[in-house]
Structure formats: structure tokens, C-alpha cells
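Peer 1: Residue numbers (numbering that gives the first Met the number 0), protein chains in the order written: chain A, 0 to 322; chain B, 0 to 335; chain C, 0 to 275.
Treat the hints as calculated values from the structure; they're not laboratory data. A hint or two may mislead.
[Claimed, not checked] Residues of chain A clear of chain B, computed beta-carbon distances all greater than 12 Å:
(1) Glu99
(2) Gln138
(3) Asp151
(4) Pro308
[To be verified] A short, non-exhaustive set of chain B residues, derived as facing chain C with CB atoms under 7 Å:
(5) Met29
(6) Pro143
(7) Val275
Using N, Cα and C, we set each Cβ at its ideal position, and we do this for glycine too.
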Amino acid sequence: MNTPLLNIQGLVTQFSTRRGPVTAVDGLDLQLHSGQTLGLVGESGCGKSVAALSIMRLLPKPAGRVAKGRILFEGRDLLEVSEADMRRVRGNEISMIFQEPMTSLNPVYTVGFQIYEALQKHRKLSRRQAGQEAVNMLQLVGIPEPAARINDYPHQMSGGMRQRVMIAMALSCRPKVMIADEPTTALDVTIQAQILDLISRLKQEIGMSVLLITHDLGVVAETCQQVLVMYAGRAVEKASAVDLFEKPAHPYTLGLFASIPKVEDEILHPISGVVPSLYDLPEGCAFQDRCAYRQAQCLKRPPWIEISPEHWVCCWRYDTHHA
Amino acid sequence: MPIDYLIRRLVHLLIILFGVSVLVFLMLRMIPGDPAQLLLGEFANPEELAGLRSQLGLDKSLFTQYWIYLKNVLQGDLGISIRTEIPVAQEIFVRLLATLELSLAAMVIATFLGVAAGVISAVKQYSIFDYASMFLALVGVSMPIFWLGLMLIYLFSVKFSVLPMMGRLSMGLDVPSWSGLVVVDSLLAGNVPAFLDSLKHLLLPALTLATIPTAIVARITRSSMLEIQNQDYVRTARAKGLSNLVVILRHTLRNAFLPVVTVLGLNLGLLLGGAVLTETIFSWPGLGRYVVNSLMARDYAAVQGCILIFATLMVMINLLVDFLYVVLDPRIRVHD
Amino acid sequence: METIQDLFRNKSAAFGLMLVALIVFTALFGPMLAPYDPLIPAPLDRLQGMSRVHFFGTDSLGRDIFSRVIFGSRISLMIGGISVAISLVPGTLLGLTAGYFGGWLDSLIMRFMDILLAFPAILLAIFITAILGPNLTNTMIAVGIVYIPHYARIVRSSVLSLKQQLFVQAIGHLGGSTFRILGKHILPNSLPPIIVYATLGMGTAVLQAAALGFLGLGAQPPQPEWGAMLSEGRKYIQLAPHVAAFPGLAILLLVLGFNLFGDGLRDTLDPSLRSQ
Numbered sequence: 000m001n002t003p004l005l006n007i008q009g010l011v012t013q014f015s016t017r018r019g020p021v022t023a024v025d026g027l028d029l030q031l032h033s034g035q036t037l038g039l040v041g042e043s044g045c046g047k048s049v050a051a052l053s054i055m056r057l058l059p060k061p062a063g064r065v066a067k068g069r070i071l072f073e074g075r076d077l078l079e080v081s082e083a084d085m086r087r088v089r090g091n092e093i094s095m096i097f098q099e100p101m102t103s104l105n106p107v108y109t110v111g112f113q114i115y116e117a118l119q120k121h122r123k124l125s126r127r128q129a130g131q132e133a134v135n136m137l138q139l140v141g142i143p144e145p146a147a148r149i150n151d152y153p154h155q156m157s158g159g160m161r162q163r164v165m166i167a168m169a170l171s172c173r174p175k176v177m178i179a180d181e182p183t184t185a186l187d188v189t190i191q192a193q194i195l196d197l198i199s200r201l202k203q204e205i206g207m208s209v210l211l212i213t214h215d216l217g218v219v220a221e222t223c224q225q226v227l228v229m230y231a232g233r234a235v236e237k238a239s240a241v242d243l244f245e246k247p248a249h250p251y252t253l254g255l256f257a258s259i260p261k262v263e264d265e266i267l268h269p270i271s272g273v274v275p276s277l278y279d280l281p282e283g284c285a286f287q288d289r290c291a292y293r294q295a296q297c298l299k300r301p302p303w304i305e306i307s308p309e310h311w312v313c314c315w316r317y318d319t320h321h322a
Numbered sequence: 000m001p002i003d004y005l006i007r008r009l010v011h012l013l014i015i016l017f018g019v020s021v022l023v024f025l026m027l028r029m030i031p032g033d034p035a036q037l038l039l040g041e042f043a044n045p046e047e048l049a050g051l052r053s054q055l056g057l058d059k060s061l062f063t064q065y066w067i068y069l070k071n072v073l074q075g076d077l078g079i080s081i082r083t084e085i086p087v088a089q090e091i092f093v094r095l096l097a098t099l100e101l102s103l104a105a106m107v108i109a110t111f112l113g114v115a116a117g118v119i120s121a122v123k124q125y126s127i128f129d130y131a132s133m134f135l136a137l138v139g140v141s142m143p144i145f146w147l148g149l150m151l152i153y154l155f156s157v158k159f160s161v162l163p164m165m166g167r168l169s170m171g172l173d174v175p176s177w178s179g180l181v182v183v184d185s186l187l188a189g190n191v192p193a194f195l196d197s198l199k200h201l202l203l204p205a206l207t208l209a210t211i212p213t214a215i216v217a218r219i220t221r222s223s224m225l226e227i228q229n230q231d232y233v234r235t236a237r238a239k240g241l242s243n244l245v246v247i248l249r250h251t252l253r254n255a256f257l258p259v260v261t262v263l264g265l266n267l268g269l270l271l272g273g274a275v276l277t278e279t280i281f282s283w284p285g286l287g288r289y290v291v292n293s294l295m296a297r298d299y300a301a302v303q304g305c306i307l308i309f310a311t312l313m314v315m316i317n318l319l320v321d322f323l324y325v326v327l328d329p330r331i332r333v334h335d
Numbered sequence: 000m001e002t003i004q005d006l007f008r009n010k011s012a013a014f015g016l017m018l019v020a021l022i023v024f025t026a027l028f029g030p031m032l033a034p035y036d037p038l039i040p041a042p043l044d045r046l047q048g049m050s051r052v053h054f055f056g057t058d059s060l061g062r063d064i065f066s067r068v069i070f071g072s073r074i075s076l077m078i079g080g081i082s083v084a085i086s087l088v089p090g091t092l093l094g095l096t097a098g099y100f101g102g103w104l105d106s107l108i109m110r111f112m113d114i115l116l117a118f119p120a121i122l123l124a125i126f127i128t129a130i131l132g133p134n135l136t137n138t139m140i141a142v143g144i145v146y147i148p149h150y151a152r153i154v155r156s157s158v159l160s161l162k163q164q165l166f167v168q169a170i171g172h173l174g175g176s177t178f179r180i181l182g183k184h185i186l187p188n189s190l191p192p193i194i195v196y197a198t199l200g201m202g203t204a205v206l207q208a209a210a211l212g213f214l215g216l217g218a219q220p221p222q223p224e225w226g227a228m229l230s231e232g233r234k235y236i237q238l239a240p241h242v243a244a245f246p247g248l249a250i251l252l253l254v255l256g257f258n259l260f261g262d263g264l265r266d267t268l269d270p271s272l273r274s275q
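Turn these sequences into a full structure, and let the hints guide you.
Peer 2: What follows is the structure, encoded as C-alpha cells:
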């Protein structure tokens, strides 16, 4: 394949806490190609949101910082550019929507103004044009009577509507990449499907790439071409969505599939054990304490192993040289 | 909802003001000594005393007396000052404007200085500026302002003699009174020397009076900013690529301002109280100094008038703050 | 125990406690510390500046200001303690009654509190002192009365939230008597905010009482009350600023001590109050 639009290499993000430094993202490699939707999957606290905030350079200051790695966007390392240049990227070339539509909009400004703001900042439109464009965006995300709703305050809208507004805001400057951090988690099931459809449709229309962060494999199945599974700050498996769903390889991925409630099966199969604290991860593979296939080698960091073309897993189980 | 709210607030206001008038009336009746005796002096003869008592209505029942008093107050009649024999309402009005000028100046200082210090402290949390300004703020709220006023006088008027010690305007300067605020009047009259002179007179008392409110505003702004800074919508604003300044002012301060407004409103009451002390120190011819002087002279009609006015102002300011809140927060303003 | 450790880890609270402790120490051992008698005039030594003989100089009657400031600490601490007690006891009782019984009793009490709150605090205190007569006792009474509504409000709101909690309702259902519920369960649980407010209130009371003293409505000469000393110093501000400077500084330090300590208490005892 050609060079990726967004290429993350060896990203290490750390937080300093009262109990000492913590590595939230540990050596993440990720490639997002143009026009693609990549699902970043994992349980909460596995570092997927932190990875997204690292890309945007919006880590909570001063606690969080990127310690190592490169984030290449169209060949430029976003970790190297000036803050002013980064502001030209945010909301313009890479935009982001968040999990909580109820709290992600400023309650004291109308939704129209909040869309308009981004347009005026990046596209240098006149007041009128930007205002008109804001109405168009609301129309695009499927809000009825956009010209009237533009003057609404966030509290006058439902959660689903607010998430549509967030999407309108994120897409207003036609970004090349949209990062969606659990965009449907806080919404009702029926609304979830609508929002996912909307994201897929607009992705085609605008011709952007999407980095979709989720803990829900169902969401991945519906929207993504590529998947990357994360556990305790590390990537453990990456593959096309088709491959991953057909032949999940990593024991953790298998566990994730087993824990999806199925219609024919009334018993849930949660992964046994608990997510280890990032403060004291075991030596070697982070998943070993919960793993059914644990072996002696797991005390060493497992290497990346290609089990089929473009399907990589980070697990000793597939190590053919040693077996 | 705002209309309901408005009516409810107004009814509450009237109840409070009624209560205030009853309380003030009863408290003044509790002052030991006979007002007629006080007016006529120790050696008045019994007939004169009885005459004055019935003239003042003191021979009627307490209830009737209150009723007469309330009727008078509602008609703007606050009685006659025994010192000057001028209607109290008239005396109060002139002095109220002087107090207003001083309080407004202090309010402006407190708002700007306090909000600026609070915002910078929050943005640069745990910096030297943060520690220093928060320590100063704590000293500020603990400040005996009458002492601070004296020290300022000593420093700027006595030692370096750069600022006047007292009053609103130097001798020999005169401006026509339109608004009653000398700073404004001198500016309107185009009298530059008088304007500068009045500003010089205003500076020390306004700074003194502003000390405690500035400190309080700085503290509340900081804590409110710190809270808002972590809100999701601030992150959204950053994710849009807005500049730091826009994020801080438009998306953080604007929201953080709600509690600040409440505190500003509450502080206006503090300011009115502080005016009593500040005006005494700087011989500022306002209501605070007037009420203290009236008390010393046992001019109870004047005292009563002043206290009623102060309480009314307090209640009205609280109402104003409620309205400001409605204006600032669309969640209250707009209803579905 | 953990609370107390937290409190000492909080540097500003510890500093506040140190300031207060220093002044309490001064008050307790005043007669031993003061080099001169605070009341006896020495006309030959009047308005002397700071020196090794008179650390803080002398006042218009030649009295040693250092000694007067030391003796003044007793008065100010007494004012703080007694005024706060005068606000605290009725305020707590009113707040408990209003919050626990609710209904018309609540409305009546709280409306009356609103009326008291409609006056600027210092003005109401001045007014009460004027009615009762200007002296130290009446100053304490006046300052005490003025802050009753503050305690009533705090206690009421804490009672209201406690009433919602299960354990109080459960006791009510088990047939506990009203007084038992109030005294054994509600009052102890609403103590943290009361303690915090009382500590901060000590500072406020000292400040207000000093203001009354400064206006000539509080302690009367020759009592070495800091506010009254300032009032006297005001007359000599041009000639001898030290007469006013030191009593004022003493007020500032004591109030600062109470405020620092009170802030620290609030942060450790009741984090929910932090934003107020």
C-alpha cells in the first residue's frame, strides 16, 4: 500500500501522578490510510483515548506528555511542529469528537456559534458565509429545520442531536482525519446505529479517514476496515476487520469475542481476572495473568508475529521458531 | 419560568423590606431614653415634653406609630434631622451619590484586578505568580481595611505627599453637580484639572475599599476557572484549533464567571459595609460616614433613614444579581 | 487521626495554626512578656518612636505600645471566642429547628434570618451597639447577633441533606425521639461545617469588633483593645504612624491565622465546601 496518511511510530505517552510516572501508551504503532476507517479497540483505561489525545496534542497538562515516538501526518511529525502550526491542524485537518455529547458542548453558546467558531478560525469566511455554512453543516448531519435549530442552546437538544452537532463541528472544515472517541457509547442503541451510519456516510462524502475508538466490537464490525486491539497501553493485534472477525488470534481478542452477549447463548463469558494496574504491570506480556494459554516465555515481552498477510499478533503462542 | 421567577423574587423582596422596616422601628424604640427629652434637653418642662410627645405621635400605640412611620417612609418622608433640621431624605440623597461613586470605583478595581489575578493564577497553576497572588488574596481577606487606609494615608499623603488625605476635591476647584459623581461631573464639564484632582482623591479610598472584594474575587475566579478548565467543552474548544486566549476567555472565563457574579453581588453588601469605615478614615462625605456621625449625635431619624436605605440597596443588589445570572446562563433563561 | 495528619501536611493550615498559637501564647503569658504596664501613663515618654527601650514605641500618653499590643491579644481572643459562641449557639439551634421540622417554622425562622442578612454586617453591628451602649461586652453581643443567620443557614442545609439520608429516616421509623435524633445523630454529623465556619468566624469577629473599636463604639479607653488603639493612633498618623501601625498589624496577623487555619480545616474536614 502507499504511504499512510497518519503514521504513528513507537508512541510512548506518560503521566506523572502522585504515585510516580505511569506509561499509558507503550510503544504504539498505527497506520491510518487515506479513506480508511480504523478501529482502535480495547477496554476502558487501555490507553486508546490517551493515544488519540496524543495525536491532537491535547493531553491534560502538565501531567501528561509524549515521551517517545513520532506521529507523522502527511509526512510531518506533529510532535515537532509549533503550537501555532498545531492549532492550524486541529479542527481543520484532524478533528475530534468525544464520548460525552452532553458535556462536550459549551452550555452558554448556541450550537450555531460553536460550529461557526471553527469555520471562522480555519476557513476565513465572512460572518454571513460562516453562518450559512453552519446551517449547511447542521443540514448535512441530519438535523431537521437547521436554520431554526442553529440558535438553540445545547441544553435544548437531546444527546443524539448534540452528537450530530459535534460531528457537524468536527467536519465543518472538511478534515482529512476525524478521530471519534467512543462517539456512541453514551447514546441509546437506536441512536447509536444512526450516528454510526452518519459517520460512515459522511466519510464517503467528504473523503476523509476515521480513527474510531471503541470498546464495542459490534461497532467495529459495522464501520471499520482495519482494527487494532490494545491492552494495557500496548497494541496486541492488528488486522483487517474481516480477518480479525474470522480468525481472532490473540488470547485477549478471543476473550473480547467470547464476552459479547449472543442471542443463542444466555451465559456471558467475561474475561477472568482484572485489568492489571498500570503501576505494576507484570514483566513480559501484560495479559499473562488472565491468559488461558500462558507459558513460560510470557515473562518476556512477546514479539510481533505475522500469522497471515497483514494480520499481526503480539503473542508467544504464534512463535513458530521456538515452539 | 423567568417571569414566575421575577415575581417570586419581587414578593420575597417586599417581605424582606417590610421585615427590615419593622425591625428598625422596634430597635429604635428600644433605645433607652425619651426622644422628646433628647430633643428638648435635660431641663425641659413637663408641658413642653408632653406637647412634643403628642406632636411626634409618641403617645399613640406602638402599632399606630409604626403605621404612621411606614406611611411616611413610603411617601419618601424619612423625618427631619435634629442636627441640621433638613429632611433626612434630602441629606441621604446627596451622600448616597458620594458613596455610590466610591463603591463603583472600588467595584471596578475589584472586578478587573480580582478576575485578572484569578485567571492568571488558574492558567499558571502552581506557578510563583499563583502562590504569590493567592497568598496576597488571603492577606487581603484578613485585612483590617481601616488600618490599611491609615497606612496608605501615611505612605502616600504624609511621607511622599503625592495624594490627598481626604475629601473628594481640592479647595478652589468646583464642578457643577449633574450626576453627583464628581469624577463624572468634572469630565462632563470638560474641567480637566478638576477631573484629575477628583481621581487623585478617589484613588486611595477606592483602593482601600476594594481590598477585600478584590481578594475574594481573585480566589473565587481561580477556583472557578480551575473547575471549568477540566470541562469537556473546553477540550472541545481546543480540539477546534482555537487559540489559547480564545479558549481561556471565551470558553473558560465566560463559564467561570457565573459564581464570580454571585460573589460580586454578595460583595456589594460588603462594600457598603466597608464604605462606613473607608469614608470615616478618608473623610469622604458619603452615607457611611453620615450614619456614624448621626449615631454619635443621637440623630435617630437620620440613622433610621440610612439603615433603611442600606438594607434596601442590599436587597435590590441581590435581585440584580439574580437577573444578571439569568442573563449570563442560558440554561435558566431559555425554557423549552 | 488521619484528618489531623492531613491538616499538618497542609503547610498553610499549619502556618495559620502557628500564628494563632503564638498569639494565644502571648495572651496567656502576657504579664510575663510585657516589659511595661499597659495602662499607666508616662507623660514624659509620649509618642516615642521604636527603640530598644520601647520596641513598638509609645503612644500619646507615653504607654509602651508593645505591652499594650500584648495585653490586647487577650481582649481580641476573648472577643473572637465569645462572639462566635453568641452566634454559634442560637444559630445552630435555629438551623436545627428550621431544617428538621420544616414547614411554617422553617419559613418563619429563615425569613427572619433573611431580614437580618439584609443589613450590611458592620452596619447592623454598629446599630446594635448604639442601642445597647458602646462598650466591650455590647460589641461582642452585637458582633455575635450579626452572624447568627450564617450559622443558621449552614446548619439548616446540612440538616436537610442529612434528613435525606437513610440512617436518620431509619431511626425515625424505629421510633427514636426527636431530641434523641437531633442530638445524637443529626448534630454530630453536621459538626464539620460548623467547626470550619466557626474558625473562619473567629477571624471575622475579631475584625468586626476591631472596626467597632476603631469607630469608638467598642472597647473604651484605657483598655488596650487593638481597634481602639488604632482609633487613637489615627490622630497621630502624621507625627507618629507607629501608634496605629502595630495594633493593626496584630489584628491582621491574628485574622490571617484564623483564616489560614480555617481554610485548611475546610479542605481536610469538608472538601464539598471548598468552592464556597
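Peer 1: Hint by hint, note whether the structure agrees.
Peer 2: Outcome of the hint check:
1. Some Cβ of chain B comes within 12 Å of the Cβ of A/Glu99; the nearest lies about 5 Å off, and the non-interface call is violated.
2. The Cβ of A/Gln138 lies farther than 12 Å from every Cβ of chain B, with a closest approach of about 20 Å, so its non-interface assignment holds.
3. A/Asp151, annotated as away from the interface, has a beta carbon of chain B within 12 Å; the closest lies near 8 Å.
4. Every C-beta of chain B lies more than 12 Å from that of A/Pro308, the closest at about 36 Å, which supports listing it as non-interface.
5. Because the closest C-beta pair between B/Met29 and chain C is about 6 Å apart, less than 7 Å, the hint holds.
6. With a least beta-carbon distance of about 5 Å to chain C, the hint placing B/Pro143 at the interface is held under the 7 Å criterion.
7. For the restraint placing B/Val275 at the interface with chain C, the shortest Cβ-Cβ distance is roughly 6 Å, inside the 7 Å limit, so the hint holds.
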